[in-house]
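Student: As they're listed, the protein sequences go chains A and B. Residue 11 in the UniProt record's numbering sits at position 11 of the first sequence; the count goes up by one each step and never skips. Residue 258 in the UniProt record's numbering sits at position 258 of the second sequence; the count goes up by one each step and never skips.
Here are the computed lysine to aspartate or glutamate pairs in the EDC-like style, where the Cα-Cα straight-line distance is at most 20 Å:
1) B:K141 <-> A:E120
2) A:K153 <-> B:D115
3) B:K154 <-> A:E120
4) B:K153 <-> A:D115
5) A:K153 <-> B:E134
6) B:K259 <-> B:D276
7) B:K122 <-> A:D144
No wet-lab data here; the hints were simulated from the structure. Quick caveat: nothing in here was measured; it's all calculated off a predicted structure.
So the chains spell out like this:
2 protein chains.
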Amino acid sequence: MQTDPQGSASFSAESYFATQPAPASLDNDRQRVRAFVRRQSEQGNKVVLVTSGGTTVPLERNMVRFLDNFSAGTRGATSAEYFLKAGYAVIFMHRQFSLQPFSRHYSHSTNPFLDFLEIEHKPAPNESLSTTPEITVTPEKREDLLSVLTAYKKVHRDGTMLTLSFVTVNDYLWLLRGVSEELSEMGRDAMYYLAAAVSDFFLPRQKMSEHKIQSGKGSLHIEMDQVPKILKPMVDEWTREGFIVSFKLETDPQLLLPKCRQALERYGHQVVIGNDLNRRKFEVVFVSRIAPKKDPAHPAATNIDDDTFTESWLRLSEKDTHTREIEEDIVNELVRRHRTWMNNGR
Amino acid sequence: MQTDPQGSASFSAESYFATQPAPASLDNDRQRVRAFVRRQSEQGNKVVLVTSGGTTVPLERNMVRFLDNFSAGTRGATSAEYFLKAGYAVIFMHRQFSLQPFSRHYSHSTNPFLDFLEIEHKPAPNESLSTTPEITVTPEKREDLLSVLTAYKKVHRDGTMLTLSFVTVNDYLWLLRGVSEELSEMGRDAMYYLAAAVSDFFLPRQKMSEHKIQSGKGSLHIEMDQVPKILKPMVDEWTREGFIVSFKLETDPQLLLPKCRQALERYGHQVVIGNDLNRRKFEVVFVSRIAPKKDPAHPAATNIDDDTFTESWLRLSEKDTHTREIEEDIVNELVRRHRTWMNNGR
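Work the whole structure out from these sequences, hints included.
Tutor: What follows is the structure, encoded as structure tokens:
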């Protein structure tokens, strides 16, 4: 732990894990991941870790107030469905109560399932006058529900999805490290799709107030420390061979590409997917690094700039936004790149 | 607007509404409330406003980060069901994506409805070899679902629930004022059940950052202003005759009763329901004020202490916590008190 010029503590990943407490469920979660990874390996399945939803930063130990990051979990939940469709097994690590694959189609706010269930009074089988009420599905909703339900049942039958949950940024960091270490067993066959919106700041346990912060004493002052940049140890230590995809969300279009490139430079992983808050449903950009093609005979002759990036934009046409989801294209592109990554390792 | 000794702005309700922008949906929401109140009045229904869920305090105008208050919306959603059952019409004003009456029983995380739907392949009616898949409800889940669905359909058929939503504390404050003013038309026939967990602090629009706050520049400093205490103008101006119930949630048991009494003293409304964060599912306390019985012939002889409070505790036994919900008892008690309140006004 170091103190920056402003006097606040700056945590390395190492000092973070040495000083902040692990969540109580961590050991159990790791065991579940271990068993899942073993089973999928035996069946020859590739595995993708999908992280999804925002993280909270509690301001009190008895949590009443917290800082949060905007994320309903749409990107993660939708992508998980397409990964499953593409034959991947999925570890779905999501913020508690954020959207989940399959049930996401039936948000209680926008498409409540109670609205398309009906009560039908059918005559009882013994032809008496009494009727037994039956619950049926509204005909016009039947086809869509049948398709979602069929995919859902298949995933449960095949055991190809493991669901884990987190709430705070501390839960998230510990769980990500644990899952990555377990999943690193699969080497290049594992993909990491880090779609969760993780807080950049946190309040160390040691600085938290025990009880609800009382109002009535003027304004509220909060000072938070930076969350350590965990992509670096993830690439260097936790899972050296994994195919790692991170996300950058910005609201200022000028910053999007520079921030994506900066992340690749700093952490050395495979892909950054950039998206603008207001355009994310129909436009993303894949940023990756062109590895210098070293000529083994003339190592000194390599003059391709090590910091050359490729950027490919993926856009849905306006017509398509109403009938298709951009996550289908994102996943297809990543599956293709992951295949190349695996072949390069052989 | 005044500046406190620490130099931060302190807003009165008046200066708040004069300086912070109204949400775009406000006029439309008010019109919906007006029509709803008129229809319920014609039908002789009492109306309760139930507020539910937490409010957010955005740190950026293009919201990525926000301060939030812990609340899934269980208290509000559950109570709304019991108010409907007791014959009240309900204006359910909730934080977007928080729990809602009826669908709350089928949380996607803990009781996903896809789990109790089944696909049955029944022979087609023409007795050919093809089958048409049908969606049916798992037998052991049928009775519960039928009961929830029946109540849900009845409310929709009768038009006795109006749902409104908010996200930020600013949305909430404007909407609460608007709904209260519309509902004040009903005088003593209206109840206000303020179960939402409202932030005590906010960031004035004028102080917000336009874009996502960038990390990488050391720690994060936030300074927030106090949200004006709106119960005071609510009681004095927005709805003078309404039966107003507010909630106090604390984590320190020592503070619970003093804070409840303080709220009644300051705002002069009817009931404060106090609850401890960890005991709220099975224990609450009703705090109200004993009005001094003034003798009109001898006004000076009134010597009952104006600040005498009654406290009645409501507790579920351990056995009951598994089969009953404390909101049923809370609502029954309030319906009884509201009846007295209405009679006293006649």
